[in-house]
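**Student:** Residue numbers (the numbering used here), protein chains in the order written: chain H, 1 to 172; chain A, 1 to 127.
Misleading hints may appear alongside valid ones.
Think about it this way: if two alpha-carbon atoms lie no more than 30 Å apart in a straight line, the pair counts; the simulated DSSO-like pairs of lysine-lysine are [as the list claims (entries may be wrong)]: (1) K132(H) - K68(H); (2) K111(A) - K34(H); (3) K54(A) - K74(A); (4) K85(H) - K34(H); (5) K89(H) - K34(H); (6) K132(H) - K40(H); (7) K111(A) - K132(H); (8) K89(H) - K40(H); (9) K68(H) - K111(A); (10) K51(A) - K74(A); (11) K111(A) - K40(H); (12) K22(A) - K65(A); (13) K111(A) - K31(H); (14) K74(A) - K22(A); (15) K132(H) - K34(H).
Derived from the structure by calculation, the hints contain no laboratory data. As the structure is a prediction and not an experimental result, all values here were calculated from the model.
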Amino acid sequence: MTNNAIVSRVENENVLVLERVFTAPRELVFKMFKEPEHLKRWWGPRGWEVPVCTIDFRPGGIWHYCMKCMDQNQGDFYGMESWGKGVYKEIDEPNSFSYTDYFSDAEGNINEELPATDIVLEFVDLGDGTTKLVNRAVYASGDALKTVMDMGMLQGISETWDRLEEALQAAK
Amino acid sequence: MSGHNPGLDMTTLSALSEPNRKHIVELLRDGPLTVGEIADKLGIRQPQASKHLKVLSDNGIVEVKAEANRRFYKLRPEPFHSLDSWVNSFRRIWEERYDNLENYLRELQSKEPLPHPNNNPNEEDLQ
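Looking at chain H on its own, in the form it has when it is part of the complex (with noise of 0.2 Å):
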């Protein structure tokens, strides 16, 4: 169904880059994000659902939403909710905006035991009416992140997929 490829990178030892590009004009795609309604129809993972969205689109302003599993395929996901919180900071509308992803309760508490992610979205206009999406989130330590590189734990990330649920099935 899709042709567009997402395209992953590292720069600076802490930031992951994914890229992707969309065929629709940046300001649809750029809309896409801040507007409720637009975002509860395609912010959940497969098989996750996004029963609550909630935004305030200014810089310091607040988003949350809950990402709840309706796939019974997804064994003991299935039924789990999963909040998240946003903070915006800064906001440069079509080109950009940037924010803080917390994991967080319904209440929107933040969940200070897991880690935070600064988020920057660019929406790149590449004129014939398509748009190029990069995502690089800024890890909350950089040095463990390079570790990891290092180790060369990260090559070929799509054959890691099938550890991951591994890895998944093992945490439970």
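Following the hints, position chain A against chain H.
**Tutor:** Chain A alone, transformed into the frame defined by chain H:
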């Protein structure tokens, strides 16, 4: 997203943020070492090296293996696997989202095609 987080432990990250401990982990990548060898290579005193090794050991990053009358420290793979899984699960979540977004954008645009991306003051109509 926490539903997709395979047990990443923040203590793993903080234990590695101390420069000497990070050095120790880098040294141990080449194979097991004794506390004396580690102290020598880092140019620190043995009690200091022991202290760092204890923190790494308490966090499950290294383990001790006794051989004859010597004690060797070696890396445990588990914490690195969970960091690795965290990175990969992050990427996978976004990939799944982007697949959804691609399909959703197609759906939106087939309903109401845009005249031209740069010449569309009324795009609010798309809602």
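**Student:** Next, verify each hint and record whether it holds.
**Tutor:** The hints, checked one at a time:
About 28 Å separates the Cα atoms of K132(H) and K68(H), which keeps this hinted pair within 30 Å; it holds. Distance restraint check for K111(A) and K34(H): the Cα-Cα separation of roughly 21 Å lies within the 30 Å cut-off, and the hinted pair is therefore satisfied. For a cut-off of 30 Å, the pair hint linking K54(A) to K74(A) stands: about 12 Å separates their Cα positions. With a C-alpha separation of about 14 Å, the suggested pairing of K85(H) with K34(H) holds against the 30 Å cut-off.
Straight-line distance between C-alpha atoms of K89(H) and K34(H) comes to about 13 Å, which keeps the hinted pair within the 30 Å bound. Restraint check for K132(H) and K40(H): the C-alpha separation of about 21 Å stays at or below 30 Å, so the hint holds. Proximity of K111(A) to K132(H) is assessed by CA-CA distance (about 22 Å); at most 30 Å being required, the pair is judged to hold. As the CA atoms of K89(H) and K40(H) are separated by approximately 22 Å, the hinted pair is consistent with the 30 Å bound.
In summary, the hint linking K68(H) to K111(A) is supported, as the alpha carbons are separated by about 28 Å, within the 30 Å threshold. Under the criterion of a C-alpha separation no larger than 30 Å, the hint pairing K51(A) with K74(A) is consistent with the structure, at around 15 Å. Between K111(A) and K40(H) the CA atoms are separated by roughly 18 Å; this keeps the pair inside 30 Å, and the hint holds. Between K22(A) and K65(A) the CA atoms are separated by roughly 20 Å; this keeps the pair inside 30 Å, and the hint holds.
Distance check on the hinted pair: K111(A) and K31(H) sit about 17 Å apart at the alpha-carbon level, within 30 Å; holds. This hinted pair checks out: K74(A) and K22(A) have alpha carbons roughly 14 Å apart, not beyond 30 Å. Distance check on the hinted pair: K132(H) and K34(H) sit about 17 Å apart at the alpha-carbon level, within 30 Å; holds.
Of the numbered hints stated above, none is contradicted by the structure.
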